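Q: Now for the letters of each chain:
Number of protein chains: 2
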Amino acid sequence: MTALNESQILEKLQDLPHWTFEDGRLHRKLEFKDFKSCFAFMTLIAFEAEAQKHHPDWYNVYNRLLIQLSTHDAGGITENDFTLAHTIEKLYG
Amino acid sequence: MTALNESQILEKLQDLPHWTFEDGRLHRKLEFKDFKSCFAFMTLIAFEAEAQKHHPDWYNVYNRLLIQLSTHDAGGITENDFTLAHTIEKLYG
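Residue numbers (the numbering used here), protein chains in the order written: chain Y, 228 to 320; chain C, 228 to 320.
Since the hints were derived computationally from the structure, they do not count as laboratory data.
Some hints could be false.
Calculated lysine-lysine pairs in the DSBU-like style (CA-CA distance at most 30 Å, straight line) [said to hold, decoys possible]:
{"hint": "1", "chain 1": "Y", "residue 1": "280", "chain 2": "Y", "residue 2": "256"}
{"hint": "2", "chain 1": "C", "residue 1": "260", "chain 2": "Y", "residue 2": "263"}
{"hint": "3", "chain 1": "Y", "residue 1": "280", "chain 2": "C", "residue 2": "239"}
{"hint": "4", "chain 1": "C", "residue 1": "239", "chain 2": "C", "residue 2": "317"}
{"hint": "5", "chain 1": "Y", "residue 1": "263", "chain 2": "C", "residue 2": "256"}
{"hint": "6", "chain 1": "Y", "residue 1": "256", "chain 2": "C", "residue 2": "280"}
{"hint": "7", "chain 1": "C", "residue 1": "280", "chain 2": "Y", "residue 2": "260"}
{"hint": "8", "chain 1": "Y", "residue 1": "260", "chain 2": "C", "residue 2": "263"}
{"hint": "9", "chain 1": "C", "residue 1": "317", "chain 2": "Y", "residue 2": "263"}
From chain Y, some residues computed to sit far from chain C (all C-beta separations above 12 Å) [as the list claims (entries may be wrong)]:
{"hint": "10", "residue": "245"}
{"hint": "11", "residue": "258"}
{"hint": "12", "residue": "303"}
{"hint": "13", "residue": "320"}
What you are looking at is a predicted structure, and each value in this text was computed from that prediction instead of being measured.
Glycine residues also receive a C-beta, built at the ideal position from the N, C-alpha and C atoms.
Kindly generate the complete structure, drawing on both the sequences and the hints.
A: Here it is as structure tokens:
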């Protein structure tokens, strides 16, 4: 997997309106009714991430979740990040 | 629940050698074999946190977990944070 350049990233982000490109990572903020709902959603993502062998960096505070995607090995954003981002949107949708 | 003062916090931390007091929160860093092990442990904590009605702020990157405890409503550290910290150590031990 090779890192995408910025124009490739911005083009691909057009299909992901809730995602932003910040500090070299794809960001998504989500909010839920409460902690249980948030953690239940994290669990869904965890199984998909494990299946894709590609995992989010994420920060959870009660009902709020910040997801940050990048490919550590490639030192940037790769197709793997976009695949996981689309999976997360499908789960959320 | 009232916030503890710094000397109370530091005294109580003596029973929690792996925890530090940083930026107004109790910090604990944990490392696991892989993502699955890390997330499995997060799930154990999630159930306990929900039972205690007190939840961690936490950041997960693959097999690493940073836990940050504070009591948002009290604007500081309370007994609830120490209760949860001890629970986490018991689960980890």
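Q: All hints are to be evaluated individually against the structure, with a verdict given for each.
A: Okay, the hints, checked on the actual structure:
1. 280/Y x 256/Y: Within the cut-off at roughly 22 Å; holds.
2. 260/C x 263/Y: Distance of about 26 Å is within 30 Å: holds.
3. 280/Y x 239/C: 40 Å, violated
4. 239/C x 317/C: Satisfied, since the Cα-Cα distance of roughly 16 Å is no more than 30 Å.
5. 263/Y x 256/C: 23 Å, holds
6. 256/Y x 280/C: Judged against 30 Å, a Cα distance of about 23 Å means the pair holds.
7. 280/C x 260/Y: 15 Å, holds
8. 260/Y x 263/C: 26 Å, holds
9. 317/C x 263/Y: 22 Å, holds
10. 245: Residue 245/Y clear of chain C: closest Cβ-Cβ about 21 Å, beyond 12 Å.
11. 258: Non-interface label on residue 258/Y holds, nearest chain C Cβ at 15 Å vs cutoff 12 Å.
12. 303: 16 Å, holds
13. 320: Given that every Cβ of chain C is farther than 12 Å from that of residue 320/Y, nearest at about 23 Å, it holds.
Taken one by one, the earlier hints fail for this structure only at number 3.
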